[in-house]
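Take 1 as the starting number for the sequence shown in full-length UniProt numbering and just add one per residue.
Everything labelled a hint here was simulated from the structure, so no lab data went into it.
A portion of the hints provided could be inaccurate.
Here are the simulated DSSO-like cross-link-like pairs (lysine-lysine), alpha carbons at most 27 Å apart as the crow flies [what the hints assert, rightly or not]:
hint	residue 1	residue 2
1	48	59
2	59	70
3	70	11
4	12	61
5	48	36
6	70	55
7	58	72
8	2	49
9	61	49
10	72	19
11	49	36
12	59	49
13	11	37
14	70	2
15	12	2
16	37	2
17	61	48
18	12	49
19	2	48
20	36	12
21	58	12
22	53	19
23	53	70
24	49	70
25	61	2
26	12	53
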Amino acid sequence: MKEEEIIEILKKENEEFRKLYEEHRHLDSILDEMNKKPYLTPEEEIEKKRMQKEKLYKKDKMAEMIRQYKAKLQREATQ
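Hey, can you work out the whole structure from these sequences and the hints?
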């Protein structure tokens with residue numbers, strides 16, 4: 001099963017994954033807007049770094065959930 005298919009399944013079946021996915025996309029759009037600015041204030045730079053770390057945390061958490069789902073599928077396939 002492709003990772004994209006697993007993501008779609010998890011978005012439908014797992015509330016925590018869906019929330020992480022939506023928050024990750026929201027942070028991504030905010031960061032895209034920040035990157036379009038020619039200049040960021042020192043406060044905006046700090047906020048940008050904070051959001052980048054939060055986005056990475058959410059991505060790592062989703063990746064772990066995807067790995068767990070793949071492992072579950074493999075266990076079920078070998079039974």
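To see whether the hints hold, each was checked on the structure:
1. 48 <-> 59: holds, 16 Å
2. 59 <-> 70: holds, 16 Å
3. 70 <-> 11: holds, 15 Å
4. 12 <-> 61: OK: residue 12 and residue 61 at ~17 Å, within 27 Å.
5. 48 <-> 36: holds, 12 Å
6. 70 <-> 55: Holds: residue 70 and residue 55 sit about 23 Å apart, inside 27 Å.
7. 58 <-> 72: holds, 21 Å
8. 2 <-> 49: Judged against 27 Å, a Cα distance of about 32 Å means the pair is violated.
9. 61 <-> 49: holds, 18 Å
10. 72 <-> 19: Holds, at roughly 21 Å.
11. 49 <-> 36: Holds, at about 15 Å.
12. 59 <-> 49: holds, 15 Å
13. 11 <-> 37: violated, 32 Å
14. 70 <-> 2: holds, 10 Å
15. 12 <-> 2: Measuring from Cα to Cα gives roughly 16 Å; hence the hint holds.
16. 37 <-> 2: violated, 36 Å
17. 61 <-> 48: Distance of about 20 Å is within 27 Å: holds.
18. 12 <-> 49: Outside the cut-off at roughly 30 Å; violated.
19. 2 <-> 48: violated, 32 Å
20. 36 <-> 12: This hinted pair is violated, its Cα atoms lying about 33 Å apart.
21. 58 <-> 12: holds, 18 Å
22. 53 <-> 19: Holds, at roughly 17 Å.
23. 53 <-> 70: Between residue 53 and residue 70 the Cα gap is close to 26 Å, so the pair holds against 27 Å.
24. 49 <-> 70: Not OK: residue 49 and residue 70 at ~32 Å, beyond 27 Å, violated.
25. 61 <-> 2: Answer holds: residue 61 to residue 2 is near 18 Å, not above 27 Å.
26. 12 <-> 53: holds, 26 Å
In summary, the numbered hints that this structure violates are 8, 13, 16, 18, 19, 20, 24.
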